[in-house]
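J.: Residue numbers (my numbering), protein chains in the order written: chain U, 1 to 354; chain G, 1 to 126.
Quick caveat, the hints were computed from the structure, so don't treat them as lab data.
Treat each hint with caution, since some may be false.
Some, not all, of what chain U presents toward chain G, calculated at C-beta under 10 Å [what the hints assert, rightly or not]: (1) Phe122; (2) Leu123; (3) Ser161.
Listed below are the simulated PhoX-like cross-link pairs for lysine-lysine, each with C-alpha atoms no more than 25 Å apart in a straight line [stated by the list, open to error]: (4) G/Lys83 - U/Lys92; (5) U/Lys92 - G/Lys122; (6) G/Lys126 - U/Lys92; (7) U/Lys330 - U/Lys256; (8) G/Lys122 - U/Lys97; (9) U/Lys5 - G/Lys2; (10) G/Lys122 - U/Lys5; (11) U/Lys231 - G/Lys125; (12) G/Lys90 - U/Lys114; (13) G/Lys61 - U/Lys67; (14) U/Lys114 - G/Lys39; (15) U/Lys97 - G/Lys2; (16) G/Lys2 - U/Lys330; (17) U/Lys62 - G/Lys83; (18) U/Lys114 - G/Lys83; (19) U/Lys170 - U/Lys156; (20) U/Lys97 - G/Lys39; (21) U/Lys62 - G/Lys61; (22) U/Lys55 - U/Lys5; (23) G/Lys90 - U/Lys236; (24) G/Lys61 - U/Lys97; (25) G/Lys39 - U/Lys67; (26) G/Lys2 - U/Lys13; (27) U/Lys156 - U/Lys171; (28) U/Lys156 - G/Lys2; (29) U/Lys238 - G/Lys90; (30) G/Lys122 - U/Lys156.
Where a beta carbon is used, it is the ideal one built from N, C-alpha and C, also for glycine.
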Amino acid sequence: MIFFKLFRRLETKIHPLNYLFWECTTRCCLNCRHCGSDCISTSAYKDMPLEDFLKAFDSIPKREIDKDFIVVITGGEPLLRPDIEDIGNAIKSRGVKWGMVSNGYLYTPEIHSKLISSGMRFLTVSLDGLELNHNWMRGAQDSFKRVVNTIEFVSKDPRISFDVVTCVNKKNISELEQIYTFLDQRNVRRWRIFTISPIGRAKDDPNMHLSNSEFISLMQFIKNKREFINKERKKKLKMMDITYSCEGYVGSYEEKVRESPFFCRAGINIASVLIDGSICACPNIDRKRFSQGNIYVDNFYDVWRERYIEYRDRKWTKESECKGCKMWKKCLGSGLHNWQPEGFLCHYKKTIRK
Amino acid sequence: MKFLRKILKCFSFTAALFVVQACYGVYSDYEDYDDVLEKNLTFRVSDSENNPIGGVIVNRKLMYSNCSNCWEIDTTNSDGIAKFTLILLKNEGVMFRFDGNNSYIPKDTFITNFENDFIEIKLSKK
Ligand code: SF4
Ligand code: SF4
């Protein structure tokens, strides 16, 4: 733990940018219940022109871009952009690897092959349950079939770091074991689980939010599964990995549900260029409150260097929701995406048995 | 400071700390792509007298893809040149098929050595 705290302090002090989101569109082909961005098929925003993003990107000095730097293309659904291959090639030509978050609905082997050639090295797709629940969540009857098809051919490709994410909710929490087996049988290497934050259209949907006891059973499931996987791996058996996403500090479950202790990297390693040009961090953060500038007005890298004060010094969290909390030194006030105008979410409190 | 960070990173037990993962982002495990290489390959297709053959369709068999139409295609120009960018794993081979026009016998080549990025292909007349 001392070592981790040293690492965290050092990382915060240096704050090397190595994970840059680009919200290239807010158009989407689905209508998901848990969407954090409230995306719709016809968005209020036009897709951001590639040149605008590149201008912001090119403000980053080359010496600051090491081999671990990645651009994460997100949306909306990035595949709705007809120039997605050009986008990839433009990033690749700058010597940078990129990844994409997709709902997997429009993905085809032909597109996959093109995107790999244009430098895509990371792909995340969402599967939110077995057929009935996934389709319910995604608002399309053929959604499950299509995403499973995507999962089946992408997981065969060793050239890409691929994972599946699942947003756990009241409906699919009873299916976790079956989903694990389903994905493991399809050679998926990593399954990442997250729970919903009170944002976007999810905030008003009671089915989306786990009760405290459901949350504990989710933690227990991931913990048990990870222990089992580790045992099986000692016998040299190949098994799919399972982790809880960064989300928030989870007390006694820390390091049992993921590889390393909780550390919110927003503004420390993570920045974003959002659809309207806002310079922020993870796209699920409250943009009104935490945006640091705008690429149409500011120099992106100057903003990264000089602003992001609240991200890099989180003491302010101690003065509000986290006042008096004994866990603060470990947690530092949770993930910034949990600070929403609709409310604040403390994952640690959800793990305490009454 | 940056130097200290590099030292920390060298310790294998810290590797997981350097994996950045945001809930709505991708999982950036760099170890996954250590074995992935990018190679640019240029073919020059000619006949037995070394005359370039234009219009040869060069098909590259796409691996890891269950598409029925799993070939990437380029056509040689008047200098007999076709170019490919390959994303492949270390030690991996790639199959190419050269479909000459009606005058030449098609040829399959399985390439495993990518040290040379320029490869001469000879096609024989039918
Ligand atoms: S109250 Fe704040 S510091 Fe304490 S565990 Fe919850 S989020 Fe973390
Ligand atoms: S803001 Fe949330 S999603 Fe982003 S790094 Fe922090 S905890 Fe993770």
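J.: Is the straight-line distance between the alpha-carbon of U/Lys156 and that of G/Lys2 25 Å or less?
T.: Outside the cut-off at roughly 37 Å; violated.
J.: Against chain G, is U/Ser161 within 10 Å by beta-carbon distance?
T.: holds (4 Å)
J.: Hey, G/Lys122 versus U/Lys5, does the alpha-carbon distance stay inside 25 Å?
T.: violated (63 Å)
J.: Between G/Lys126 and U/Lys92, is the straight-line Cα distance small enough, at 25 Å or below?
T.: violated (42 Å)
J.: Regarding the pair U/Lys114 and G/Lys39, is the alpha-carbon distance no greater than 25 Å?
T.: holds (15 Å)
J.: Holds or violated: U/Lys156 and U/Lys171, Cα atoms, limit 25 Å.
T.: violated (29 Å)
J.: Given U/Phe122 as an interface hint, is the shortest Cβ-Cβ distance to chain G below 10 Å?
T.: Given a least distance of 4 Å, the restraint on U/Phe122 holds.
J.: For G/Lys90 and U/Lys114, compute the direct alpha-carbon distance and say whether it is at most 25 Å.
T.: Satisfied, since the Cα-Cα distance of roughly 20 Å is no more than 25 Å.
J.: Taking only the CA atoms, is the gap from U/Lys5 to G/Lys2 under or equal to 25 Å?
T.: holds (17 Å)
J.: What's the verdict on G/Lys61 and U/Lys97, does the C-alpha distance respect the 25 Å limit or exceed it?
T.: Roughly 24 Å separates the two Cα atoms, so the pair holds.
J.: Run the distance test for G/Lys122 versus U/Lys156: straight-line Cα separation, threshold 25 Å.
T.: Between G/Lys122 and U/Lys156 the Cα gap is close to 34 Å, so the pair fails against 25 Å, i.e. violated.
J.: For a C-alpha distance cap of 25 Å, please report whether G/Lys2 and U/Lys330 respect it.
T.: Holds - the C-alpha atoms of U/Lys330 and G/Lys2 are around 24 Å apart, at most 25 Å.
When held up to the earlier numbered hints, the structure conflicts with 5, 6, 8, 10, 11, 13, 17, 19, 21, 22, 27, 28, 30 and fits the remainder.
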